[in-house]
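Engineer: Chain by chain, the residues run as shown.
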Amino acid sequence: MTIECVPVGNKVVLRVSGRMDAESASQFEPECESCIAKGFTTLLVDLGEVTYISSMGLRSFVAIAKKLKETGGSLRVCRASGLVRQVFEITRLTQIFPLHETVESALAEG
Amino acid sequence: MIHSSLQSGDVLRFALALLPVLLFLAALRALDSYKLVSLRTVLTSLASGAAAATVCFGFNTFMFQIFPGAQDQYARIGAPVVEECAKAAFWIFLIATARVAFMADSAICGFAVGAGFALVENISYLHLLVDRGIGTWILRGLGTAVMHGGVAALGATISVYLLESRQWRGVRLFAPGLLAAIVLHSLFNQSLQYPMLSLLGAVVGVPLVLGVVFYLSERSLRRWLGGKMDRDIEILNMIGSARFQQTRVGAYLMSLQGAFPPELRGDMLSLLQLTIELSVRAKGALLIREAGLEVAPDPEVESIFAELKYLQKSIGPTGMLAIRPLLSQTPRDLWELHRLANGVR
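So the protein sequences, as listed, match chains A and B. The numbering used here applies: residue 27 is where the first sequence begins, and numbers increase by one. The numbering used here applies: residue 2 is where the second sequence begins, and numbers increase by one.
By construction, these hints were calculated from the structure, which means they are not laboratory data. Don't take each hint at face value.
[Stated by the list, open to error] With a cut-off of at most 30 angstroms between alpha-carbon atoms, the simulated DSS-like pairs for lysine-lysine come out as follows: (1) Lys314/B / Lys95/A; (2) Lys93/A / Lys310/B; (3) Lys92/A / Lys310/B; (4) Lys95/A / Lys310/B; (5) Lys314/B / Lys92/A; (6) Lys93/A / Lys314/B; (7) Lys37/A / Lys93/A.
[Stated by the list, open to error] Covered by chain A, according to a simulated footprint, are these stretches of chain B (three or more residues, beta-carbon under 8 angstroms): (8) 137–146; (9) 229–239; (10) 276–290.
[Unchecked claim] Here are a few chain A residues that sit away from chain B, every Cβ distance over 10 angstroms (derived from the structure): (11) Val32; (12) Gly65; (13) Ser81; (14) Leu84; (15) His126; (16) Glu127.
Here the structure is a predicted model, which is why all the values come from computation and not from measurement. Using N, Cα and C, we set each Cβ at its ideal position, and we do this for glycine too.
One chain only, chain A, in its complex shape (with noise of 0.2 angstroms):
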């Protein structure tokens, strides 16, 4: 899994591709971390080129979207298609951060 973090403004999209499974999924959790230290509050993930997503990515996702929740910033989740879209819907992860269909969609927002 590789990621590639390219800041937009204030913003930051963090484009993920490969595997998320539960080995790479530690790689995610540090990176957005740094992120949110580096001062950004609102990361947009792009999950266009991610095929899998595995219990440790969601894990990850989760405990970001409540670290940036304390801090007054917000996580947004973009491009997710195929399994990780239908997983992301069906344990409804969504109630926590929204799908966008594109990161300019994502952007836009607020």
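Given chain A, put chain B in place with the hints provided.
Structural biologist: Just chain B now, with coordinates in the frame of chain A:
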């Protein structure tokens, strides 16, 4: 003046006799980070404990009348057997019907049954022993009442532990927990001649044991949640993929080709997918709770269960029997369905 001091004395007696066990129960529920037990189940457990106490009160009074010379021996040995069996009826029902599936929720429900029992017992003693001093109510409220909750919680926990680790069933599953509850209750009653010792046993021992139970339960739940959720996601992935027929599940469904028409096999696959989706859905709620966040009501769950019911009817008993090997139906799987069906939030 006399009237008001009597009133404050009564309030203190009532508070000492009834509050500690309720506060202990509230603390147990607050400690459960996954919020496994609904308020309704806690209240039902309390009510069943209260009913058990009423039955035992009648039975014990009857026994005292039959054996007037053996009241002491009965209180030490006979009463613990009768009372623990009466309390166990409800926690056994909860475990047997998969309404509780972890050590923490079984401990909370077991404690609630014991608390309900202790509340009725102490209320009756408040009327019978009006002349007793504060010491009696400290012992009854903090000692006896917490003991009633603690031993029932331990009995239920032991049974869930055996179910989880040894997959025991029936009498073998419940006998060790019930026996442990009886023995501890009996030991407590025998140590009542040393009130400080029995008080200390309940006040220190019960929180200590339940603390360990909660720690082990959360560790086990976390492991189960991750492992089972990953397997469910894998199956969902397989169902949606082109190589589904090469998987164990796909090959099994293909093997039913001669026995069931295509539309029925389609329903079987839908049922399997829906069951897994429900399982993932329930685990999603646990993940949210694990992080200490609130779970919003699920507006879709009712229609999913209606669809599940329709599919089960369409497939029929023979078809359901045929796909049984594909449906994971462990006590925890059934527990998840119970929670979703009852809209536990």
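Engineer: Look at each hint and say if it fits the structure.
Structural biologist: Hints versus structure:
Between Lys314/B and Lys95/A the CA atoms are separated by roughly 45 angstroms; this puts the pair beyond 30 angstroms, and the hint is violated. Of the supplied pair hints, the one linking Lys93/A and Lys310/B is violated, its CA atoms being roughly 40 angstroms apart against a limit of 30 angstroms. Taking the CA atoms of Lys92/A and Lys310/B, the gap is about 36 angstroms. The hint is violated against a cut of 30 angstroms. As the CA atoms of Lys95/A and Lys310/B are separated by approximately 39 angstroms, the hinted pair breaks the 30 angstroms bound.
A hinted pair counts as satisfied when its Cα atoms are at most 30 angstroms apart, and Lys314/B with Lys92/A does not qualify at roughly 42 angstroms. Between Lys93/A and Lys314/B, the direct Cα distance comes to roughly 46 angstroms. Violation of the 30 angstroms bound is thereby established for this hinted pair. At most 30 angstroms may separate the alpha-carbon atoms for a hinted pair to count; Lys37/A and Lys93/A meet this at roughly 16 angstroms. Residues of the region 137–146 of chain B with a Cβ under 8 angstroms from some Cβ of chain A number 0, which does not satisfy the need for three, so the listed coverage is violated.
Coverage of the region 229–239 of chain B by chain A holds [criterion: at least 3 residues with CB-CB distance below 8 angstroms; count 5]. Restraint check on the region 276–290 of chain B versus chain A: 8 residues with Cβ-Cβ distances below 8 angstroms, three needed, restraint holds. The non-interface label for Val32/A is consistent with chain B: the shortest C-beta to C-beta separation is roughly 27 angstroms, beyond 10 angstroms. The non-interface label for Gly65/A is consistent with chain B: the shortest C-beta to C-beta separation is roughly 23 angstroms, beyond 10 angstroms.
The Cβ of Ser81/A does not lie farther than 10 angstroms from every Cβ of chain B; its closest approach is about 4 angstroms, which violates its non-interface assignment. Residue placement check: Leu84/A does not keep its beta carbon more than 10 angstroms from all beta carbons of chain B (closest about 6 angstroms). The beta carbon of His126/A is kept farther than 10 angstroms from every beta carbon of chain B, the shortest such distance being approximately 19 angstroms. Every Cβ of chain B is farther than 10 angstroms from the Cβ of Glu127/A; the closest lies at roughly 20 angstroms, confirming the non-interface assignment.
In this structure, the earlier hints numbered 1, 2, 3, 4, 5, 6, 8, 13 and 14 are contradicted, and the remaining ones agree with it.
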